[in-house]
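Those protein sequences? They're chains A and B, same order as listed.
Quick note on numbering: the numbering used here labels position 99 of the first sequence as 99, and the sequence is numbered without any gaps.
Quick note on numbering: the numbering used here labels position 165 of the second sequence as 165, and the sequence is numbered without any gaps.
Calculated directly from the structure, the hints in this document are not laboratory data.
Check before you lean on any hint, since a few could be wrong.
[Stated by the list, open to error] Restraint ranges, calculated between C-beta atoms of paired labels, are given here:
| # | chain 1 | residue 1 | chain 2 | residue 2 | range |
| --- | --- | --- | --- | --- | --- |
| 1 | A | 34 | B | 293 | 51 to 57 Å |
| 2 | B | 392 | A | 43 | 45 to 51 Å |
| 3 | B | 295 | A | 34 | 32 to 38 Å |
| 4 | A | 121 | B | 273 | 37 to 43 Å |
| 5 | B | 61 | A | 147 | 44 to 50 Å |
| 6 | B | 296 | A | 48 | 34 to 40 Å |
| 7 | B | 198 | A | 94 | 46 to 52 Å |
| 8 | A | 49 | B | 314 | 43 to 49 Å |
| 9 | B | 42 | A | 122 | 44 to 50 Å |
| 10 | A | 141 | B | 345 | 35 to 41 Å |
| 11 | B | 401 | A | 49 | 36 to 42 Å |
By construction, the Cβ of each residue, glycine as well, lies at the ideal position given by its N, Cα and C atoms.
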Amino acid sequence: MKRIIPFVFSFLFAALAVPYSASASLGGDVSSVHDDQVKMQGTLRTTSKDSYDVHEIQAPSGVTLREYVSRSGNVFGLSWQGRSHPDLHQILGSYYDAYVQGVQAQRAARHGHGPLLIQQPGLTIQMGGHMRSLVGKAYLPQALPAGVRPEDLQ
Amino acid sequence: MRKASARVFPVLFLAFASIALFGCGSSSGSANVSQAQTTTAPVSNVQPISVNVGPASALGSSFNYVDGAFTSVTVCAPSSTTNCQTISGILVDTGSSGLRILSSALSASLPAQTDGNGNPMGECAVFADGVTWGAVATADVKIAGEQASSLPVQIIGPASLPTVPADCSSQGQPEDNLANLGANGLLGIGQSVQDCGADCVSAGTLSQGTYYSCPASGCVDTTESLARQVQNPVASFTTDNNGVIVELPAVTGAGAGVSGSLIFGIGTQANNGLGGATVFGTDQFGDFSTTYKGTPYMSFLDSGSNGIYFLDATATGLPVCLDLTFLYCPASAQTISVTDNAEAGTNGASAATSFLVSNGDFLVSNVNNAAVNGLAGPSPGMFDFGLPFFFGRNVYSAIEGKSTPGGTGPYLAY
């Protein structure tokens, strides 16, 4: 019985955290990284670069998500790799609708399967690879710290 | 070691075949002999494939497929010879594993795979550009003279399980009808045996987002054993089960279509030897590396991608098209030279190759051009060698753990 109480509390806590995590993650602040970690049930490792921090979340579902946070505390980019894609609704936050529109536009224009490449003013999303070996990246071009190139987000 | 295992394999195979036959339990010794003679005769291992506008063209020319290889597959309810259907317009995909059929294209009645409580199993298969959601069913799958018996396959679409779970649709936009799949199904014949593997077997990872148990109250994430995961039909064939060859003729410019062959087995019959092909060992997912201007990148051979998608405008100097920004648009065709390398720690192979990049706007301007050489676009940080790379090459794909004259899979060769 003693074990159940913390379990129930952690369940309630997770449930309460859901509305907040909906505002994560791209374009959000560093607290959204921790929301993502809770949601993905992952382990977090943080490394520091010259002008930004990399928060790497390894999830048991087989995805590694890296979130790039500027010195001012904004998540300006994401990259991932693994067996599946991360929860795009969660990690793209307010940019999710733009992603859906971009997918629909590319499907209508391409006439076949292949990687996704969505480029809109202020937003780039790339999803490629193949079954069991998928990679993706999303970033806000105007928010990259000075001297940081998109290919640095790996 | 590789040569030794290659020599051992046919012997082992014959031994297993004999055991299987005796295991079938005929009471007559002479019947066994006659069955053994029947099984040693080569089965037909050649399946015609066609690069054409695909089945979605029936919805209008704006749905015409460009650079897709299609074939047909026969499915039967396990052990049935009457509850069967041959389905055409199935996309040949060396970049995935498993047979997936649109529910709208399926009229045969295939039994649902259920969990221990009798609830139907659902699956979310994740691709680069979307997800397929639907029930897992079992079928005898017949292609050319080959058969995979009681194989788990996916039935795509809302007819099988109406509600896509949130942790499935959050991984990509569903591809669940003819218009957005562009095919009646996918024939995944890649380097993996299962479509998920060990990650989906282990308990303790609650949110897998792949396999689901689906009682009437709704689908919930669950685990699934390797044997019951949707898997590569070729690996389950009785014979010619160590890999495939995709053979397509060269294509010059753009045309209405070409025909070729999907050949089962590598070095198992007179028609599927490696010849002079270079074997590139891959990682367990079928990835190797490609060096461009001195830098190595992750790469893979994927007949299910409709172009050669690689790097980006910054790395290549190739401009993207004005509207179709997912295609390159050089003013004149460019030959791109690269070096393909076996995955580190495998067989160490390395070979130079090249491919064409033409003006994407021009290539797709005529919707009746189904086979187009030079179709290419960006995929930053990697090389996705799609169908145009297969034109004029025989591309070999060996399945993980399977012995072949070129070594044990997984590998790719051309």
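Quick rundown of the hints versus the structure:
Against the hinted window of 51 to 57 Å, the Cβ-Cβ separation of residue 34 of chain A and residue 293 of chain B comes to about 40 Å, which falls outside the hint. Distance hint check: the CB atoms of residue 392 of chain B and residue 43 of chain A are about 47 Å apart, consistent with the given range 45 to 51 Å. In this structure the supplied range 32 to 38 Å holds for residue 295 of chain B paired with residue 34 of chain A, their Cβ-Cβ distance being about 35 Å. In this structure, residue 121 of chain A and residue 273 of chain B break the distance hint of 37 to 43 Å, their C-beta atoms being roughly 54 Å apart.
At about 48 Å, the beta-carbon gap between residue 61 of chain B and residue 147 of chain A stays in the expected band of 44 to 50 Å. Range check, residue 296 of chain B to residue 48 of chain A: about 27 Å between beta-carbon atoms, so the 34 to 40 Å window is missed. Between residue 198 of chain B and residue 94 of chain A the C-beta distance comes to about 36 Å, which lies outside the given range of 46 to 52 Å. Roughly 20 Å separates the CB atoms of residue 49 of chain A and residue 314 of chain B, a value that falls outside the hinted 43 to 49 Å.
A hinted range of 44 to 50 Å is violated for the C-beta pair residue 42 of chain B and residue 122 of chain A, which are about 60 Å apart. For the hinted restraint 35 to 41 Å between residue 141 of chain A and residue 345 of chain B, the CB-CB distance of approximately 37 Å keeps it satisfied. Roughly 40 Å separates the CB atoms of residue 401 of chain B and residue 49 of chain A, a value that falls within the hinted 36 to 42 Å.
In the structure shown, a violation is registered for the earlier hints numbered 1, 4, 6, 7, 8 and 9, in ascending order.
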